[in-house]
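J.: Each chain, letter by letter, is given below.
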Amino acid sequence: MNPANEHLYEMLRQVSGYIYPNEVEFHWSILIVVYPYLTGLVAGAFILASLVKVFKVKQLQPVYRLSMLTALSFMIIAPLPLQMHLGHWERSYEIFLTPNFTSAMAMFGFVYAWYLMVVLLLEIWFTYRRDLIRWTDTDKPVMRFVHRALALFSKDTSEEGEKFDMKAVKFITIIGIPSAFLLHGYVGFIFGSIKANPWWSSVLIPIVFLFSAIVSGIAMVMLLYMVVTPLRGQKIEMVCVDKMASFLFVAVVIDFSLEMLDFIHRLYESEESIKILSDLVMNKLFISLGIVQVLLGMIVPLALILFIKLFRVDEELRKLFYFLGAILIQIGIFATRWNVVMGGQMFSKSFRGLTVYKMDITGIEGLLMTLILLLMPFAILWVLIKVLPPWDASPSPSLH
Amino acid sequence: MKRLLQKIPDSLLRVGSVFIVFITVVLLIRSLIPASLKNSEEHRNATVEREVAHPVKHAGSEVCADCHEQYELKKTGYHKNLACETCHGAAQAHSEDQEIKPVLNRKREACTLCHLFNPSRPTGFPQINPVVHNPGKQCITCHNPHDPKPPRVPKDCQACHEQIERTKAVSPHVQLDCTTCHTVNEQHKITPRVVKANIPNDRTFCGKCHANDSKIKETPKVDLSTHGEKYLCWECHYPHMPEVN
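These protein sequence lines are chains A and B, in that order.
Residue numbers are given in our numbering: position 229 of the first sequence equals residue 229, and the series is strictly consecutive.
Residue numbers are given in our numbering: position 92 of the second sequence equals residue 92, and the series is strictly consecutive.
Next comes chain A alone, as it looks inside the complex:
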């Protein structure tokens, strides 16, 4: 009748079974899929970096700075999907200024400020301070000013100053690890604590989110490293990539087991929602969960890495396998987020019906915007690499 509702009637036709009126349309669009995906990459990349500083995994030194910058550039974009989703972009920044402890969602401002300001920016600043000062000697005028300003006009190149930096970096990394866990655990918590939704409501969700975050972060840094290094005309350090792949392997195994645990647990508990959830998994999510997330996103990459570990494979093939595996993992983790966010909205709380998600192409919550949001971190990373070249580091005393 009312032309404004025509779209609703169109949706109604695709509903199967019985469903409450407010469930026909999705409230959380694809942007809410992008949000946990991006934060996951932040947390994962940071944890990779902390392996170098806290656990002294020397082989990973070449990617330490790259992973910090990766974490930062994804962190800058991570809240954007949320803000666009809020509908009023012109005042969406207020979520940062009015955080509140009354609900998990309202705490976002605290979590974000803590992680960005206290952890990421500080650690990067202390890591780069001395190099920033050093670079000003050879810089061109504009860049010289940028570097000076970024060093906060510090000129201190003394030994003590540098020692202090190193201590600071270590200290921040140590608080950074729980913070990174917190950041992504928090995102998982938002879903896991929604009691009314059996697809989300699970204490395992924050942990599953965390490990999938680590998986995606490591895979992303690996990809970036393997793309950027040849572009710079340098040789990829296979020791480093091999090490990353080993960590990746462990992380995927843990992630996989946790998800299987969650799955078996649900099956065994067989709560009243089990029928509709199996319907959901077998029909609506079969491709994105069964094929993309589990098969392509986990099992195939695991097989690829395992193959490399078992047989002596030459370098070229290794690179190819790692590259393929890392890309599959990215797609798989994106599918994981999709399955959580979309899956939770596809079935009715009456447990008797299913609906569908219809993605817009244009529009603020559409596909194009999603692609832009997914590409923006890379643009930022490109700028960051120009301003703060990760490979031009003075030898760091903390590792000797």
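Keep in mind the hints are simulated off the structure, nothing from the lab.
Keep in mind that a hint or two might mislead.
To be verified - No more than 25 angstroms apart at the CA atoms, straight line, and that leaves these computed lysine-lysine pairs for DSS-like: (1) A/LYS58 to A/LYS309; (2) A/LYS163 to B/LYS2; (3) A/LYS167 to B/LYS7.
Position chain B against the provided structure of chain A, taking the given hints into account.
T.: Here is chain B on its own, set in the frame of chain A:
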């Protein structure tokens, strides 16, 4: 004091000052944000005020009664529970200024929104299949939207109970008329909600044909005293499609 400052490493001092500036700026901007966005109690009060301030769009059906006879017509018909504005859209503006016209949708889709066959609708809710139900014609050529009734009294039960009729047609009870089991006053076909049809109320009813001592020949027989114990037969067998097992 100066000594103390000198003891703090240069870098910490710089970062510290940046943080102090940053926090001050944030607090400053925050102080510009209205309290209703920061304090949950004030937030709730403000929400009420904001909602109350919205312009009224719907007028309610009583208002229409002053000017439109459709109100009286609708009051006793099947659509008595539908608000005028369900079909005509929000009409507060129209009741203030008649130059503003409400929605007038004469399309079939306007009716099938509610009357399209959908198994999740309650039993007895009038539903039709628009593909076979007088296709190509506006519904309002035969039904008055303000007092909808079937334009003529349907001959058989199928007009309104199509689902049951179709079910029975492929069941062992296919040869039984509806009226074998239901006593129906002719008035039921005109005002089904006022004059209801009758439903069998005990086991002996089915026993007429299925008890061991029944005279009817071609039916399967059971021992009424033991079979199904004290339950009604239709707690186990759907009467319009009795199945065994």
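J.: What are the numbers of the hints the structure violates, in ascending order?
T.: Hints that this structure does not satisfy do not exist here, as all of them hold.
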